[in-house]
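Each chain, written out:
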Amino acid sequence: MPKDTGIGASSKRREDVRFLTGDGNYTDDINVHGQAYVHFLRSDVAHAKINGIDTSAAEGMPGVIRIFTGKDFEAVGGLPCGWQVTDRHGQPMQEPKHPVLAHGKVRHVGDPICAVVAETLAQARDAAEAIELDLEILPAVINMKEAVKDGAPKVHDDLTSNLCYDWGFVEENRAAVDEAISKAAHVTTLELVNNRLIANPMEPRVAVGQWEKGTGDYTLYTTSQNPHVIRLLMGAFVLGIPEHKLRVVAPDVGGGFGSKIFHYAEEAFCTWAAKECRRPVKWTSTRSEAFMTDAHGRDHVTRIELALDADHNFTALRTETYANMGAYLSTFAPSVPTWLHGTLMAGNYKTPLIYVNVKAVFTNTVPVDAYRGAGRPEATFQLERVIDKAARELGVDPIELRRKNFVTEFPYATPVAVEYDTGDYNATMDKLIEIADIAGFEARAEESKKKGLWRGLGVNSYIEACGIAPSNLVGQLGARAGLYESATVRVNATGGLVVMTGSHSHGQGHETAFPQVVADMIGIPEDMVEVVHGDTANTPMGMGTYGSRSLAVGGSAMVRATEKIIAKAKKIAAHIMEASDSDIELKDGKFTVAGTDKSLAWGDVTLAAYVPHNYPLKDMEPGLEETAFYDPNNFTYPAGAYACEVEVDPETGKVTVARFAAADDFGNIINPMIVDGQVHGGIAQGIGQALLENCAYDEAGQLISASYMDYAMPRADDVPFYSVDHSCQTPCTHNPLGVKGCGEAGAIGSPPAVVNAVIDALQRGGKNVTHIDMPLSPARVWAAMNGATANEGAAQPAARDSGSAEGRSLGGQV
Amino acid sequence: MMPKTPLSFTLNGSETALFVDPGANLLDTLRRGAGDLTPKLGCAQGTCGACTVLIDGEPHLSCLTLAETVEGRDIATTGGLADGPDLHPLQQAFMEGFAAQCGFCTAGMLMAAKALLDRRPNPSRDEVIEAIGGNLCRCTGYEPIVDAILTAAARMQGRSA
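In order, the protein sequences belong to chains E and U.
Read in order, the letters of the first sequence are residues 19 to 832 in the working numbering.
Read in order, the letters of the second sequence are residues 38 to 198 in the working numbering.
Bear in mind the hints are in silico, worked out from the structure with no lab data behind them.
Note that the structure is predicted; figures quoted are calculated from it, not measured.
Backbone N, C-alpha and C fix where the C-beta goes; we use that ideal spot for every residue, glycine too.
Heads up, some of the hints might be wrong.
Which stretches of chain E does chain U cover? Using the computed rule of at least three CB atoms under 8 Å from a CB of chain U, they are [unchecked claim]:
{"hint": "1", "region": "27 to 37"}
{"hint": "2", "region": "258 to 272"}
{"hint": "3", "region": "298 to 305"}
{"hint": "4", "region": "405 to 418"}
{"hint": "5", "region": "691 to 699"}
{"hint": "6", "region": "720 to 729"}
Partial selection, computed: residues in chain U whose CB lies under 7 Å from chain E [what the hints assert, rightly or not]:
{"hint": "7", "residue": "Asn-49"}
{"hint": "8", "residue": "Ser-51"}
{"hint": "9", "residue": "Thr-115"}
{"hint": "10", "residue": "Ala-137"}
{"hint": "11", "residue": "Gln-138"}
{"hint": "12", "residue": "Cys-139"}
{"hint": "13", "residue": "Phe-141"}
{"hint": "14", "residue": "Thr-143"}
{"hint": "15", "residue": "Arg-175"}
Just chain U, same shape as in the assembly:
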């Protein structure tokens, strides 16, 4: 049996240290190792976006990310999005706009949206559509998700949507 590798990173602002098997992917490491169940396994092939997390602020598919590559880096998941009891503006807009139905794609969708708004606080509709182009949703037909991201962007910039 191959020896496990020590790994430490920041998860939603908390120092996290654990041992991983050689070749372990980040999604498994977060879910089984760190106990953060918010990223979801939808395809494990990098094609659905349900496992999207931010690594140093950039969106990544955690199912295709080798765990060992995040040593010392900063990981953000939907588990850290809300500020205590206060929902993040994206979460708030998703709720008001009925942008989640079964909820399974939602965590990945929110992280893809957050990465976009961190980079481009005032995105166009087409930019939103492009930013979530890698995230599959089978329930909503996407329109409410696009609308919710635009609404959140407007609020975060102090504009009315």
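Only chain E is shown next, with the shape it has when bound in the complex:
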């Protein structure tokens, strides 16, 4: 019997009332009296020396308030990077400066050179047209392997090369891994590209900066997943504004998917310019700007080798990855290909020896950082693709090969430094086989054949590390921030509660799910609990929402704070009922004394806390408000198994996703409806990556997928019905809710299922194709089927079956 309230209920989302009536308050809906508008003049070339900027004509244009260039920002800091990676030789990564406005050089298309502040946006744009730039165009580096060669043009002249770091993990295992591979009965090798993507939340980024003359206080309204992080980074490292003079508000935010974690130049600019101009300053990104300034995602080129013994046990795994950093280090960029990727290379399997090498490379492209899954999709994709290839080479069932190597005993310490606390990978695989109706596949394949289509089935497992993260551990790994979360629970006199959380909701439904937990703990209706988030002025210092962490970390902080509330409330109840604290029970919103018929309602006790006439004032302060900071002991490890069925048209190479099934283990579930939605959305993005989406640059570094005409987003007719199940539940062992996080699973688990399915379809059609790089566009699939090289214009890099990575598309290049 499904619950209709509290933990486990599919409570309808209260935030929907405002979203569905158009009453949401997004940042672009905020207009401050007297605001001016800024337009950024951006580089339209990938790499150039700035020899001169002449703003004299522009300054006289109608409505212009002030024009800023890089020189105006010499006195302030650059945009900071929040993670320092140490390389194989114990040296820190190379860390370039990242000015708010370009200084001396531009390093990617979209790099801001000038900022024109004017009375209207049209006037700012017109004036920008009148600025004369003297740019000396320099050779650009786009291809990562070219970028690290001797003599390659340098993105940053003051660094020794374009190599940010060369990271080895676990370095001490390297020789043993090499030896195991050299002695293996079978080694399967795969070279692949994890295609460069653009997160594309539907709401473009917006920043509104404000400065109060009377108080000297700054306010920034911004589209952010983590307003406290922005306040700290921007205030302390860029502008030198102490936190108590700076308020950052992230109101309703229209999707993030990682791209709104980072601190961007436009936020710092609007905040700074508001004081300089004595006017509020607003910036609303155009979609084209979003394509060339929002941090991109993925962009790995990888060679992976899987060694097996004669019984098909995995004995060793070795990977070498080139990871694109773009032109500057975005806030958390260095951590993505390293600690969010290398630590996941064990997957669901008990491979004893693993070595991961990652070379992070600067190129003249937009900075690359976390996008839904961040490092974990890259790990899962290469692992689950190479296992599928191994199964084909060995002539064994790909599901059985996985099962044979599954981790089955927990806790399990991987050879890549993490410890899985719990899981049951056979259970999710069993559930997948059921919900995907794998038994019925052959019959469906016959039906497809009658239509002249080739049907293929792709299956894979995945694991991810979520609930980011134990602060002391990530501190050792180079994080320059803690990764706890916070909550303040304020009980009002008449019994209602407000939860002020450092987590941030931008579509995830915290305002609905968080109250389900608190209401359940106390035994009161959900509508007595309200959630406040997104404003540094009325939430405790918290780290925000990403890495599937809100419930596992933020929810845990809320539970801890609520536990403190309940403990104090019980003491008040004990005093009033003249009983011992330990005899007080709280159930269904009522305090009772064990073994008696005495009782007090929740509201009687909360009222006593604020009207303390009959109250133990000598022992306890009045009031009922508690704060908790929760720092997790470990990551959480959601895992599952995914299946995709595709139909391939042998005439055109067009791939249609016919069925998709996902069996996930997220531990305990608070709101099943919201979990379904998270998984659906993740799968749609994964299908987008596998079949449609590709961020492409030409050789000169021009971004040629900078609109929805060129960058193929999944639309309603591109996606299938989703069959999702999360009934396999092994609760997390180390957080109070037993939850693991569900936000990224779909995007992590789905790309290999799609690609495995297409390869299966082609093989069933008699084509000996072992790999095609994503996105599997019709031209790429047709070319692979016909032994040809796809040459299909700008947005689609050439596809080649993977004999060698040399000379083919790297880093999203055409």
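Start from chain E and add chain U according to the hints.
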């Protein structure tokens, strides 16, 4: 400076009159001029559908519509969809079916759906998918949106979904 042009139209049933700059688009005019913030700016290139409004009952991308072309016409936005406190059946079905997550595409999606149901009260699933083909959603994976529109259609026709 070019003179502004007087413009009057009906917005969700109310007479609206204002002055617009030459070349102003309808989205800006609604948001900045008329103060109706419900249509959203997603791309300003006619490719995402977040700004969809109805002009004389037909769905249009307000970001690509010259404001001056709506003189004397009837504009409907999501701001006028609910009947006082009562949600429109589409809004109700979207809520029950969890068809909005971040909410940013939702206003455009609802107007595209309303245009479809006004024209075809009993659409097929494929017709719904086609009708929202110009509206991007990055959160939901579309299935709940399609289901919600079909549910609303059924209810509006007095059928059970």
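To see whether the hints hold, each was checked on the structure:
Taking a C-beta to C-beta cut-off of 8 Å, the region 27 to 37 of chain E contributes 7 residues in contact with chain U, enough for the three needed, and the coverage statement holds. By the rule of at least three residues with a Cβ nearer than 8 Å to a Cβ of chain U, the coverage given for the region 258 to 272 of chain E holds, with 3 such residues. By the rule of at least three residues with a Cβ nearer than 8 Å to a Cβ of chain U, the coverage given for the region 298 to 305 of chain E holds, with 3 such residues. Here the region 405 to 418 of chain E counts 0 residues with a CB under 8 Å from a CB of chain U, which misses the bar of 3, and the coverage is violated.
For the region 691 to 699 of chain E, the stated coverage by chain U is satisfied: 6 residues place a CB nearer than 8 Å to a CB of that chain, which reaches the threshold of 3. Here's how the region 720 to 729 of chain E fares: 3 of its residues keep a CB closer than 8 Å to some CB of chain U, so the rule of at least three is met and the hint holds. Restraint check, Asn-49 of chain U versus chain E: the minimum CB separation of about 10 Å is more than 7 Å; hint violated. For Ser-51 of chain U, the suggested interface contact is broken, since its CB lies about 15 Å from the closest CB of chain E, more than 7 Å.
Checking Thr-115 of chain U against chain E by beta carbon gives a least distance of about 4 Å; that is within 7 Å, so the hint holds. Residue-level restraint check for Ala-137 of chain U holds (minimum Cβ-Cβ distance to chain E is 5 Å; threshold 7 Å). Using the Cβ-Cβ criterion of 7 Å, the hint placing Gln-138 of chain U at the interface with chain E is satisfied: the shortest such distance is roughly 4 Å. A hinted interface residue such as Cys-139 of chain U counts as satisfied when its beta carbon comes closer than 7 Å to some beta carbon of chain E; here the least separation is about 3 Å, so the hint holds.
About 3 Å separates the beta-carbon of Phe-141 of chain U from the nearest beta-carbon of chain E, less than 7 Å, and the hint is met. Interface hint status for Thr-143 of chain U: upheld, as the beta-carbon distance to the closest one in chain E is roughly 5 Å, under 7 Å. About 5 Å separates the beta-carbon of Arg-175 of chain U from the nearest beta-carbon of chain E, less than 7 Å, and the hint is met.
The structure fails hints 4, 7, 8 (numbered hints given earlier, in ascending order).
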